[in-house]
Amino acid sequence: MLHIVACIKQVPDTKIIKMNPKTNTMDRRTAPAILNPYDAHAVEEAVRIRNRYGGTVSVVTMGPPPAVKAIKKCIEIGADEGYLITDRRFAGADTLATSYAVTKAIEKISKTNPVDLIICGKMSIDGDTGQVGPGIARRLDIPPLTSVNKVVEVNQEQGYAIVHRKFEDGHEVVQSTLPCLLSVEKTINEVPYSSFPNMLKAAKYEPHIWSVDDLENVDIKQLGLKGSPTIVSKVWTPSKPEGGTLLEGDAKEQVEQLLSIILEKKELFTVKEES
Amino acid sequence: MDFQDYKDVWVFIEEKDGVIAPVSLELLGAGRKLADKRGSELAGVLIGENIKHLTSTLFEYGADIVYVYDQPIFKHYRTESFMKALLHCSNKYKPEIILYGATSTGKDLASAVATDLPTGLTADTTELDVEEDTGLLLASRPAFGGNIMATILCKKYRPQMATVRAKVMKALAPVQGRKGTVIEEHIDLAEEDIRTKVLEIVKETTKKVRIDEADIIVAGGKGLGSAEGFQLIHRLAETLGGVVGASRDVVEAGWVAHAHQVGQTGVTVTPKIYFAIGISGAIQHIVGMKNAGLIIAINNDSEAAIFEACHYGIVGDAFEIVPILIEGFKNALTREEVSHVREV
Ligand SMILES: Cc1cc2nc3c(=O)[nH]c(=O)nc-3n(C[C@H](O)[C@H](O)[C@H](O)COP(=O)(O)OP(=O)(O)OC[C@H]3O[C@@H](n4cnc5c(N)ncnc54)[C@H](O)[C@@H]3O)c2cc1C
Ligand SMILES: Nc1ncnc2c1ncn2[C@@H]1O[C@H](COP(=O)(O)O)[C@@H](O)[C@H]1O
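Chains Z and E supply the protein sequences, listed in that same order. Per the numbering used here, the first sequence starts with residue 1, numbered consecutively. Per the numbering used here, the second sequence starts with residue 276, numbered consecutively.
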């Protein structure tokens, strides 16, 4: 039986987020926390693979206690188990420290049920890097496969998976040994509305919650802010471009001016042969 | 870690079917400035099969050194094989900075290399600078959620690494005959050591929209109100012979496909003319189009940030202005034709 782990993250919904116009920072209190949209596709793909071959889908996340809600959302999508690692010592992690902590959690999960396949989202909408997935793969020393937009086959018996990796102008078909880690594109699937039984299950579900002390062989120095090589040194508002000339007059006059400006670049416009 | 041992600026050179990715040449341009500021050398790292002939191009675009790994095992990009070559090179020659294009390949490789080294990696950088005396890389990118930029540093580890957006940096004008040093390297790596195999490469035959190659882009935003309203953008684009661009909110609303999205999580574009219509001008959008030759904004809110990022602006309702523009343009073209005829 396959054991698939999806890595997920709870993120502020940047679409609804309000900005503080004075400080130019976002007001996190106004932003509802949601399951990272890309990770919903990761969980959905894990569920589909499980439904095809049989097995278990576990989801794992590092985050603050309210991240339980994101795990419940994954149970709604169809995951079987959820694991939250939460601890002040994880706070302030960059991608390197995040991949370290999540790897420690996956190692612990593997002890009772060895993992065949790990699936991550393409990126998180707040971290926005896509670096955590490959980082986890390297730490576990399994092949990372990014930009995956189709899973063709997962063959546990013979220990391989075949996937499509998308590029700018097409895709490649790649075979990898199992276990491996996939970072999946949004286009890989559509996440349907949750079924009623799954919603009931999610409402009652209580995830496994671990602190640093529940994990094994953890080097505290590699966690959180301390374990993060990158630091944000300053946040600044980009020097405003001088700003453009606002055209004046009524709509017609404005358009006339605009036309004379763009027609200076006449060479760009191919004159259509109109009869 | 003795920082003294680490010098030079490197660029990972992305190559496919014998063609160097444009972003790699752009990064040589950006890397040249950093290396000059540090008084160090600029190197390219070129990994592939039958690629040695590409080194001359890299010198012409500013590299002083090119490290070459030319082995059959590098025929296709694979994370594990390329990572091993780059780690080998980095451990042997110790660069101070490594830059990668923020393409699928560049990001994939950089993430893996950063974990193994280990070192810090800044994603999707749009501005680069270096501290002259310390060599500290100042990698800046639009930050989460707001109209702000963040500068990210990696103080305690070397090399410092960043992926950089395509089309943001400028390639140098190539200097014919400019020469440099080729350093050929080799790693012992057997096919059996690699756990992935590329079975097939499929080129998409259907012509995809490539907004990054267009001279004229007519981009529309949430201000168009609906998918029907957005048709106005298609009409103007068609009239002008341009392609359609969009803000992220429009793409998320499903009015147009993601391939049209301009900005941080879309495409960076440098057309000769860019229209931003009903687009507010969030930083994530601006970083994707600010290098356009002529930026024209149409928005009914005179306070919209887009007016600060444009060359010419019209404060007004898109549904009033654009139809006049379409008609006016059609008429102007006919007039032009007439005047051509007279000249002849
Ligand atoms: C991590 C992250 C990445 C992002 N990446 C991108 C990206 O790649 N690209 C991108 O575009 N955005 C991106 N965004 C989103 C960005 O922050 C903005 O939310 C988005 O660009 C806003 O889209 P908009 O301008 O179309 O909509 P709005 O901000 O809603 O602006 C609509 C504008 O239309 C004007 N308007 C309304 N009616 C009319 C009318 N009748 N005529 C003329 N004007 C009218 C309004 O005055 C307003 O200025 C990203 C955000 C985050 C957090
Ligand atoms: N805190 C986290 N816990 C678990 N998985 C994560 C976490 N952060 C990121 N990931 C995974 O890594 C992917 C890429 O995230 P990022 O590198 O932040 O863009 C996400 O889509 C998740 O699958």
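No lab work stands behind these hints, which were simulated from the structure alone. Note that beta-carbon positions come from the ideal geometry of N, C-alpha and C, so glycine has one too. Watch out, some of these pointers could steer you wrong.
Claimed, not checked - Using C-beta positions, here's what the derived DEER-type ranges look like: (1) D463/E with V235/Z: 43 to 53 angstroms; (2) I476/E with R48/Z: 22 to 32 angstroms; (3) K367/E with R48/Z: 36 to 46 angstroms.
Status of each hint after checking the structure:
1. D463/E with V235/Z: 43 to 53 angstroms: Check passed, 46 angstroms falls within 43 to 53 angstroms.
2. I476/E with R48/Z: 22 to 32 angstroms: 25 angstroms, holds
3. K367/E with R48/Z: 36 to 46 angstroms: 44 angstroms, holds
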